[in-house]
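Engineer: This is what each chain is made of:
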Amino acid sequence: KAGVTQTPRYLIKTRGQQVTLSCSPISGHRSVSWYQQTPGQGLQFLFEYFSETQRNKGNFPGRFSGRQFSNSRSEMNVSTLELGDSALYLCASSLVGASDNEQFFGPGTRLTVL
Amino acid sequence: AQRVTQPEKLLSVFKGAPVELKCNYSYSGSPELFWYVQYSRQRLQLLLRHISRESIKGFTADLNKGETSFHLKKPFAQEEDSAMYYCALKNYGNKLVFGAGTILRVKS
Numbered sequence: 001k002a003g004v005t006q007t008p009r010y011l012i013k014t015r016g017q018q019v020t021l022s023c024s025p026i027s028g029h030r031s032v033s034w035y036q037q038t039p040g041q042g043l044q045f046l047f048e049y050f051s052e053t054q055r056n057k058g059n060f061p062g063r064f065s066g067r068q069f070s071n072s073r074s075e076m077n078v079s080t081l082e083l084g085d086s087a088l089y090l091c092a093s094s095l096v097g098a099s100d101n102e103q104f105f106g107p108g109t110r111l112t113v114l
Numbered sequence: 001a002q003r004v005t006q007p008e009k010l011l012s013v014f015k016g017a018p019v020e021l022k023c024n025y026s027y028s029g030s031p032e033l034f035w036y037v038q039y040s041r042q043r044l045q046l047l048l049r050h051i052s053r054e055s056i057k058g059f060t061a062d063l064n065k066g067e068t069s070f071h072l073k074k075p076f077a078q079e080e081d082s083a084m085y086y087c088a089l090k091n092y093g094n095k096l097v098f099g100a101g102t103i104l105r106v107k108s
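Sequences listed follow chains A and B, in order.
Residue numbering for the first sequence follows our numbering, beginning at 1 and increasing consecutively.
Residue numbering for the second sequence follows our numbering, beginning at 1 and increasing consecutively.
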C-alpha cells in the first residue's frame, strides 16, 4: 500500500503570497490531519478533516485554511504569507474518524517564506 | 489546557545502557498517550501507545496517572535506536498534542 504523499516537497514563496499544499492519504483512509513543525514551536496541530468536513481546528489564524475532497485528498492554503510561516507542514491520515486508529504521516512539505 | 512536557532535548547513552525518555502530561480527562519516533531522513511514525501495553523494538511505556507520566524505557540501548522521540497526547478526534521531542543518541 502506498503511504501518505504530499506535494510539493519543497516550496519557496515571498511574504504576502499565498500557497496551497496537497496531501493524498492512504487508500481507504478518510481522516486527514495537518500539522506545522518548526524548531521553535515544535509540532502543532492545524486542523483535521473527516468526510469532507473540518472536525477539529488548532489555534492558528484564519489565514490558514483547508479542505477535503470526496476522494479524501486534502489541501491546505495559507494566504498572505509571513516569514514565521516557514515550516515543515505534515499531514497524517487514519483509517476512519474514530479515535483509536493509528495516524500515518507523510514526508512533509518544506515551506520557506522569504 | 492539554500539555505534554519532555524535559530533555538530548539524551546521550552508550550502547547497552538503559534508556529512559521522560514524558509528563496535563489533561483533564482520561488521556490517550503515544510515543512517536522519527529516524534520520524518515517519516514520523508511531512507536507505541499506552492502550496496547505492548513492547515495540524493546521499548515499553507505562502510564502513571498519579504522576501524570508516560516515560519510555528500554533496558539495553542499541545504535539503531538513535532518533528523535516525541511523546503525544490524543485530544478530541485525531488531534495530537506533541511534546518538544527528545533526541536520543546512542554511542558505540
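Just so you know, the hints here were simulated from the structure itself, not pulled from any lab data.
Some hints here could point you the wrong way.
Covered, in the sense of this in silico footprint (three residues per stretch, anywhere, with C-beta under 8 angstroms from a C-beta of chain A), are these stretches of chain B [to be verified]:
id: 1; stretch: 7-14
id: 2; stretch: 38-46
id: 3; stretch: 99-107
Straight line, CA to CA, 30 angstroms or less: simulated DSSO-like cross-link-like pairs of lysine-lysine [as the list claims (entries may be wrong)]:
id: 4; chain 1: B; residue 1: Lys-90; chain 2: A; residue 2: Lys-57
id: 5; chain 1: B; residue 1: Lys-9; chain 2: B; residue 2: Lys-90
id: 6; chain 1: B; residue 1: Lys-9; chain 2: B; residue 2: Lys-22
id: 7; chain 1: B; residue 1: Lys-90; chain 2: B; residue 2: Lys-22
id: 8; chain 1: B; residue 1: Lys-9; chain 2: B; residue 2: Lys-57
id: 9; chain 1: B; residue 1: Lys-57; chain 2: B; residue 2: Lys-22
id: 10; chain 1: B; residue 1: Lys-15; chain 2: B; residue 2: Lys-73
id: 11; chain 1: A; residue 1: Lys-57; chain 2: B; residue 2: Lys-65
id: 12; chain 1: B; residue 1: Lys-9; chain 2: B; residue 2: Lys-107
id: 13; chain 1: B; residue 1: Lys-22; chain 2: A; residue 2: Lys-57
id: 14; chain 1: B; residue 1: Lys-73; chain 2: B; residue 2: Lys-90
id: 15; chain 1: A; residue 1: Lys-57; chain 2: B; residue 2: Lys-15
Every residue gets a Cβ at the ideal spot worked out from N, C-alpha and C, and that includes glycine.
Engineer: Does each hint fit the structure? Answer for all of them.
Structural biologist: Now the hints, each set against the structure:
1. 7-14: Violated - the stretch 7-14 of chain B has 0 residues with a Cβ nearer than 8 angstroms to chain A, which falls short of three.
2. 38-46: holds (count 4)
3. 99-107: It holds: at least three residues are needed, and the stretch 99-107 of chain B offers 3 whose Cβ sits within less than 8 angstroms of chain A.
4. B:Lys-90 with A:Lys-57: holds (14 angstroms)
5. B:Lys-9 with B:Lys-90: holds (22 angstroms)
6. B:Lys-9 with B:Lys-22: Between Lys-9 of chain B and Lys-22 of chain B the Cα gap is close to 10 angstroms, so the pair holds against 30 angstroms.
7. B:Lys-90 with B:Lys-22: Since the Cα atoms of Lys-90 of chain B and Lys-22 of chain B sit roughly 18 angstroms apart, the hinted pair holds (cutoff 30 angstroms).
8. B:Lys-9 with B:Lys-57: holds (22 angstroms)
9. B:Lys-57 with B:Lys-22: Roughly 18 angstroms separates the two Cα atoms, so the pair holds.
10. B:Lys-15 with B:Lys-73: Status holds; Cα separation ~14 angstroms.
11. A:Lys-57 with B:Lys-65: At roughly 27 angstroms apart (the allowed maximum being 30 angstroms), Lys-65 of chain B and Lys-57 of chain A satisfy the hint.
12. B:Lys-9 with B:Lys-107: holds (17 angstroms)
13. B:Lys-22 with A:Lys-57: holds (28 angstroms)
14. B:Lys-73 with B:Lys-90: Since the Cα atoms of Lys-73 of chain B and Lys-90 of chain B sit roughly 20 angstroms apart, the hinted pair holds (cutoff 30 angstroms).
15. A:Lys-57 with B:Lys-15: violated (42 angstroms)
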